[in-house]
Amino acid sequence: MSQRVVDQVKKQFPGAVLESHAQHGDDTIVVDPDKWAEIARFLKESPKTSMEMLTDLTAVDYPEREPRFEVVAHLYSLSKGHRLRMKARVGDADGNHVEIPSVEPLWASANWMERECYDLFGVVFKGHPDLRRILMYPEFEGHPLRKDYPANRTQPLIEYRDAPNIEKLPPFGNDEGMSFGRQTHQFMNDEE
Amino acid sequence: MPTFKLDDREIPFEPGDTIIQAAHRAGIDIPHYCWHPGLSVAANCRMCLVEIGPPPGRPAMMLDILRQDPKTGEYVPAKKPKLQPACQMRVAEGMEVKSESSEHVSEARTAVQELLLLNHPVDCPICDQAGECRLQDYWLEHQGKKKRMHDEPVHKPKAQVFGPTIVYDGERCIVCTRCVRFCEEVAKDPVLDVRERGNLNEIVVSPGRELDHGYTLMTEYVCPVGALTATDFRFKARVWFLRSARSVCQGCATGCNAFLDYDPRNETVYRHRPRENLKVNKYWMCDEGMLDYARAHEERFVNAYVGEDEVSLEKGVKAAAKALKGVDPERVAIVLSAQHSSEDNFALLTLARDFLGSGNLFISGKPHGEGDDVLKHADKNPNTRGVEQLCSTTPPGSMSELLEAIAAGKITHAVALGSAAPVDVEGLSQLNKLVLLSPFDGPLAGYADVLLPAATWAEATGTYVNFAGIAQESERAVRPEHDARPAWKLIAALGRELGYAMDWQRLSDVRLAMAPDAGAAVASGSVAEVSAPTGAAE
Amino acid sequence: MEPLDIDLDEAELDIPAEPALLNVGPAHPAMHGTVKIVMELSGETILRADVQVGYLHRGFEKMCERGTWSQVFPYVDRCNYVSPMLNNVGFALACEKMLGIEVPKRCQHYRVILGELARMSDHLTCTGAMAMELGAFTPFLWMIKGREMIWDLMEDETGARLTHSFGRVGGMAKPPTPHFKEHAAAVKDQVLKILDEAQALLLGNRIFLDRLDGVGIVSPEDAISLGWTGPCLRASGVPYDVRKAAPYMTYGEYDFEVPVGTAGDCFDRFIIRFQELKQSARIIDQALAMMDDEGPINVEDPRIILPPKEEVYSTIEGTIQHFKIVMEGLKIPAGEVYSYTEGGNGELGFYLVSDGSGTPYRVRIRPPCFLVTAGLEKVITGEMMSDVVPCFGSLNMIGGECDR
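Protein chains in written order, with this note's numbering: chain Z, 1 to 192; chain U, 1 to 538; chain E, 1 to 404.
Since the hints were derived computationally from the structure, they do not count as laboratory data. Idealized CB from N, CA, C, for every residue including glycine. Warning: the hint list may mix true and false statements.
Computed footprint of chain E on chain U, listed as stretches where at least three residues anywhere in the stretch have a Cβ under 8 Å from a Cβ of chain E [said to hold, decoys possible]:
hint, segment
1, 110-122
2, 125-135
3, 138-149
Construct the entire structure; sequences and hints are all you get.
Structural data, given as structure tokens:
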């Protein structure tokens with residue numbers, strides 16, 4: 001249905017659409033991160049696409065890839081009834097220089113979602129008026145949804161109380177809770 | 001290279017390859033139980049059946065069968081192609097083979113799978129194979145249905161003791177004869193055979209014999225199901241909790257590639273498994289090596305000692321430095337160890353040569369034992385060649401030479417790595433001071449004035465050079481226990497305490513420093529290069 | 001006893017003049033979830049507001065990456081804890097979309113009925129609590145009584161009142177109980193009765209209406225830009241309902257309407273939920289009539305669904321199937337999907353990324369509440385201090401879903 005939207009973007013921004021697919025019927029484009037905001041503006045304002053709503057914006061971390069992060073936005077056109085997933089790949093292997101233009105001026109919903117994305121992944125949205133942590137507390141170190149943030153790490157603001165016979169444990173042990181298929185021998189990640 | 005077609009994919013092959021071999025090399029797994037790349041072909045499980053297209057211009061060989069119409073229940077005549085076992089069929093140029101894409105093949109696999117599970121007991125919850133069992137994997141992949149037989153299954157003896165290391169469960173056995181073929185072909189001791197026929201057949205040990213040759217645990221390893229289990233591993237751990245480190249066996253100079261399986265939750269090592277390396281150990285390991293994993297937790301030193309007193313690591317290093325400070329370097333002996341990795345030995349060598357200025361190098365290690373013509377080497381130390389390569393200019397003296405030097409009063413102090421010794425070392429008691437870095441208790445430990453707890457091979461990554469000169473990396477599995485630290489770290493700390501600039505923090509720092517010494521294989525420091533089964537430096 | 005400040009001259013007191021800064025929350029009793037609002041006040045008018053969330057963040061999305069796909073259900077339960085069944089079904093549908101399977105018709109109706117009952121419980125809680133916060137305690141108790149009936153039914157069906165974890169990829173954990181249909185119909189009737197009574201009590205009350213009418217107006221443009229969905233968006237006059245816009249399961253087969261507001265004020269957001277309750281009842285009526293009494297609930301694929309327990313203990317095939325699914329988890333082909341359903345508060349989306357293993361690579365929950373709460377700042381800026389409570393109540397922020 002929204003294949004036309006994909007074509008529109010490709011026509012308007014030749015070379016900026018790096019990939020496109022429609023897996024499970026979800027039309028997807030992968031765009032040049034520098035053109036992120038421009039394409040977003042076009043998608044919102046062009047009468048043929050008119051994506052009035054930014055339904056979702058998040059990121060996915062692929063530590064073995066470079067660029068490492070995928071910023072994923074889901075757009076919806078209320079008037080036309082079509083959807084589009086727009087992705088851009090940013091950041092180097094160490095998780096630095098994760099920068100992408102903000103779309104906050106286009107959609108008010110981007111304000112909090114970009115803050116969340118910054119908080120949990122460390123994606124910096126250039127031009128965001130108020131890029132603070134939102135779910136985690138300001139003292140928190142690191143970005144918890146990055147794959148290299150250990151799930152068993154805890155950062156209590158107040159030291160755990162030292163109660164006899166009670167050990168405060170993080171929710172997961174080393175590698176615990178992973179299904180059989182995802183088991184890894186983690187040693188390479190440790191400092192030696 | 002000539003090619004053939006497997007499910008419409010072009011697969012290259014070498015003349016003489018069977019279909020399953022060529023597919024295996026191309027990374028395609030044709031389901032199989034009885035075929036093993038290191039054993040002869042038996043073609044008895046029938047799981048690897050594939051459909052092979054007829055030669056050009058010839059009609060396909062078709063069988064007349066009766067097929068039940070699911071609607072009417074009547075049997076109607078039908079035709080189906082004659083399927084061939086992929087493990088036995090040799091590939092020919094241009095051959096067209098259908099595996100996953102043929103409905104006849106999937107039907108046959110379903111039927112084979114149903115048959116194999118017909119009399120199988122409901123043992124998964126108590127079976128050590130659960131989690132790495134072919135029956136489980138293939139049932140889901142190729143059958144996924146309930147069996148149609150509802151009779152009482154055939155019962156056979158369970159938990160029969162085959163020998164000191166192996167227990168056999170006849171009910172779980174699918175009689176693929178891998179263990180029989182292994183004993184005959186690799187271990188050269190045909191002590192197992194098949195008895196009876198049909199659903200009554202089972203594996204038996206020759207009358208009057210026990211399964212007790214040097215490679216009994218390999219029969220458990222080749223067993224694709226839970227029929228053969230190792231006494232050592234039985235009921236100890238569930239495999240899905242275990243992680244595998246790619247280690248190198250420490251049992252002898254062969255340096256068999258192994259997986260060291262450990263539980264990350266309690267940092268305990270549970271077993272060895274052979275790791276395929278055609279240049280070194282092929283697919284196999286000996287019993288001694290398989291059971292050698294247990295040393296990771298046995299007779300360990302996990303604290304520093306000064307004399308008889310347990311002290312903190314920091315105090316231990318200080319005491320060690322104090323023992324060596326101001327001593328005439330000519331009177332200090334440096335004992336390298338064939339039991340330790342090249343990195344550990346290099347660290348000690350650097351301390352001796354570059355900083356202490358002592359040229360009195362000696363080498364310790366375990367005494368020689370028996371070897372055989374399969375895998376076992378008489379040299380029971382994993383890194384003798386590594387130490388030799390490190391000291392290529394001045395070969396180290398033996399332990400006997402050290403003892404002579406001590407008796408002659410030439411040596412008064414010693415720094416030693418590892419506590420194993422090939423000879424009686426009572427003469428060490430004449431030493432003024434002995435600083436020992438060792439993970440294990442051993443002959444040398446009794447004479448140590450200062451003992452620093454080193455990490456075992458299971459706790460530290462290191463390079464080992466086998467008798468053929470192949471440098472191989474062994475990965476760390478568990479974290480070092482309590483105060484134990486990799487020996488190179490302890491040596492660096494000792495060096496710093498003595499006022500030398502030994503500021504290595506990571507293993508890669510040590511490797512960078514040793515690059516000119518240890519040959520190109522280790523220089524790159526990358527895991528892939530070191531552990532790759534190439535680098536025969538001979 | 002003399003007052004302590006008897007000697008103090010008011011001029012000496014260092015009371016900050018305008019604007020005054022006021023912190024509300026995170027534990028203020030009128031706050032639905034744990035939220036903190038820092039307000040700059042001029043008199044009683046709010047000049048600026050900063051809404052701060054995250055007090056209930058438990059790292060669900062991180063935890064989802066450490067279990068099997070089925071082990072995600074308990075987490076989505078605990079996102080929206082007033083209508084967990086909708087989240088269960090939403091997540092199951094996302095996984096099924098990736099697997100390319102569809103559950104049997106009977107299961108679809110069953111999911112719809114349980115889901116709509118959950119929506120009723122959600123709206124009952126929201127509207128009841130809103131009335132309570134404005135001083136009307138009686139309707140709250142009545143509505144909670146209605147919710148209690150729904151929860152009793154849920155307990156009957158699932159074994160748990162609140163956190164059911166009842167959804168499964170490829171079906172439901174259990175088939176409906178034999179008396180499910182009568183029970184559901186009876187509960188629905190009772191709730192409708194309670195609704196009429198509560199409506200009579202509230203909609204004739206001048207004080208109640210005055211506090212809602214014309215307060216917290218949001219224009220349709222703003223609501224869309226804020227990414228609002230669900231009742232809040234519809235109150236602003238945008239007829240977007242996922243059940244109508246992109247019908248999933250059997251929603252295309254039912255006859256129901258999407259109530260739409262006109263003014264976009266607190267009253268609209270309140271009354272829209274009342275009307276949706278009635279629409280949910282209509283859907284339940286139709287689904288009950290369409291649902292078969294017999295037939296399978298789950299898809300028949302041993303790679304996805306657990307075998308019956310008696311087979312696990314008596315046959316090797318059942319044991320293997322159970323073992324593989326529990327220990328390795330069901331495998332979802334590598335890829336990504338965005339699946340969306342109408343949750344209690346709007347579009348509940350799941351963006352899933354699978355690497356083909358039994359463990360999710362990424363589970364992104366698109367919570368409607370998060371975006372609705374993001375709009376709170378806009379809603380209350382310029383309003384009076386006392387309007388915060390009805391405004392916030394009308395948005396129905398669910399802390400668990402907002403913070404995850």
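Hint check results:
1. 110-122: The restraint on the segment 110-122 of chain U holds, since 4 of its residues have a Cβ under 8 Å from chain E and three suffice.
2. 125-135: holds (count 4)
3. 138-149: holds (count 7)
When the structure is compared with the earlier hints, no violation turns up for any of them.
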